[in-house]
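Colleague: Hey, can you work out the whole structure from these sequences and the hints?
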Amino acid sequence: MAEKIIPVIMAGGKGTRLWPLSRASAPKQFIQFIGDKTLFQATLLRVSDKALYEPPIVITNEDFRFLVAEQARELNLTLSGILLEPMARNTAPAVAAAAIVVSQQFGEDAVLQVLASDHEIIADERYFEAIATAKRTADLQKLVTFGIRPTEPATGYGYIEIGEGLPSGANSVKRFVEKPALPQAEAMLSAGSFVWNSGIFMFQAGLMLEEMKRYAPAVLKAVTASVSKATKDLDFIRLDAESFAACPDISVDYAIMEKTGNAAVVPSSFAWSDMGSWDAVWKLGERDEAGNVASGNATLVNTKNSLVMSRTSHLAVQGLDGVAVIASEDAVYVGRLDESQNVGKLVQLLGQQKATAPLTQTHPTSYRPWGGYTSILNGDRFQVKRLFVTPGKKLSLQKHHHRSEHWICVRGTAEVTIGDKILTVRENESVYIPQGEVHRLANPGKILLEMIEVQTGSYLGEDDIIRIVDEFGRG
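Sequential numbering of the sequence shown, starting at 55, is according to this note's numbering.
Keep in mind that the hints are not guaranteed to be accurate.
Claimed, not checked - PhoX-like, lysine-lysine: derived pairs with alpha carbons at most 20 Å apart:
| hint | residue 1 | residue 2 |
| --- | --- | --- |
| 1 | Lys313 | Lys228 |
| 2 | Lys189 | Lys58 |
| 3 | Lys267 | Lys313 |
| 4 | Lys275 | Lys313 |
| 5 | Lys337 | Lys91 |
| 6 | Lys233 | Lys313 |
Source of the hints: derived by calculation from the structure; they are not laboratory data.
Modeller: What follows is the structure in structure tokens.
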């Protein structure tokens, strides 16, 4: 039995309501909103106390695997494993997979704490008191959820009605309540016996698997097969796609927590937000005397109670009240803060149109295990990118059938392989890679390497990459 808690971090969500900063390929948990850490990194740090926790298990999908590994590496934190879901199937299958893996590694009585990677939490004394109460309760064979005492009649959260007290300091669960309309939320706030459902859980692995067998056998059967056929790939465990595809798409709340007789809740008042909307970001930000939260290049005049964030152009906002103005590298969102829960519907609309669908999927900046690139300019038969390569990292040895490339070093020192030659390219120097030539870019230095890449040719798609040698295991 593991005496310590095994953290399981869910990091596969898309976060569409925080568009345009959050995109399908780089969602909100991997973006810095407040402070110098991403939400995922802040979650890792909350479970980094080695006296309390084992190294975490992260559940994510194929697209985010290198983001997860790199952001953990930046913090110098070890992971117990990274489980890769072949497709999205909600939280019940993810919880089942984690419970199976933990029971195999640590035993069926090992206690898991399941956390979302995109919550903003102040981990103060109240938070760790709640963790201690939850651990005592989980050891009593209860499936524990964390309830946040409401500070307002929020309609964006589910609620839990608190039942009678338990010897551990937690409470039984009377019932779960779906996201309410405002009158119902106000009534629950007045009653004082309801808490927000935080989506944080703690339980013994074996108990969760027993309840899965009883209440969600189709989930357990598909996930068990998927774990048994999983393959190891570098630091990743790839769940079997065919088995996982057969799994019902259902949340752990619906599948288990609302049905089990073993549910318990730990009511607490630690600061918590699911960072599900721009309104939530504004509430958590540091507001000026006019109630504004501004980030990046922004000037505000006669504006109050607003959120203004820019990652690119300078935003000048005048004469507005209660709005969000968010500028990414290629899109700007303007809307009322009190309507920010509906941004997901706007993203759906954008995704249905051929011209705007790419704006919901990818950023101009894409991250790779070696660094990344930003698309600067696209034209007919040419493309300009900024490449950035982390110290000590290198791209795959590769070639292109349809394009040639010019590289100009603007920062750092590059090691460039062209055919059987290895060149050193320093700042303000350039090199040419002919079409079809085998080549590689590496950063042997101690600082970030930045290159301007000019591609020319008949086809410039990212799929025109023939990898010959790749240390990251990509085909």
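Colleague: Now look at each hint and say whether the structure bears it out.
Modeller: Comparing the hints with the structure gives:
A threshold of 20 Å between alpha carbons decides the hint, and for Lys313 with Lys228 the separation of about 11 Å falls inside it, so the pair holds. Only pairs whose Cα atoms come within 20 Å are accepted, and Lys189 paired with Lys58 is accepted, the gap being roughly 10 Å. This hinted pair checks out: Lys267 and Lys313 have alpha carbons roughly 12 Å apart, not beyond 20 Å. Among the hinted pairs, Lys275 with Lys313 is consistent with the structure: their alpha-carbon atoms are about 19 Å apart, no more than 20 Å.
Using a Cα cut-off of 20 Å, the hinted pair Lys337 and Lys91 holds, with the two alpha carbons roughly 18 Å apart. For the suggested pair Lys233 and Lys313, the alpha carbons sit about 18 Å apart, so the restraint of at most 20 Å is met.
Violation of the numbered hints given earlier is absent; every hint is satisfied by the structure.
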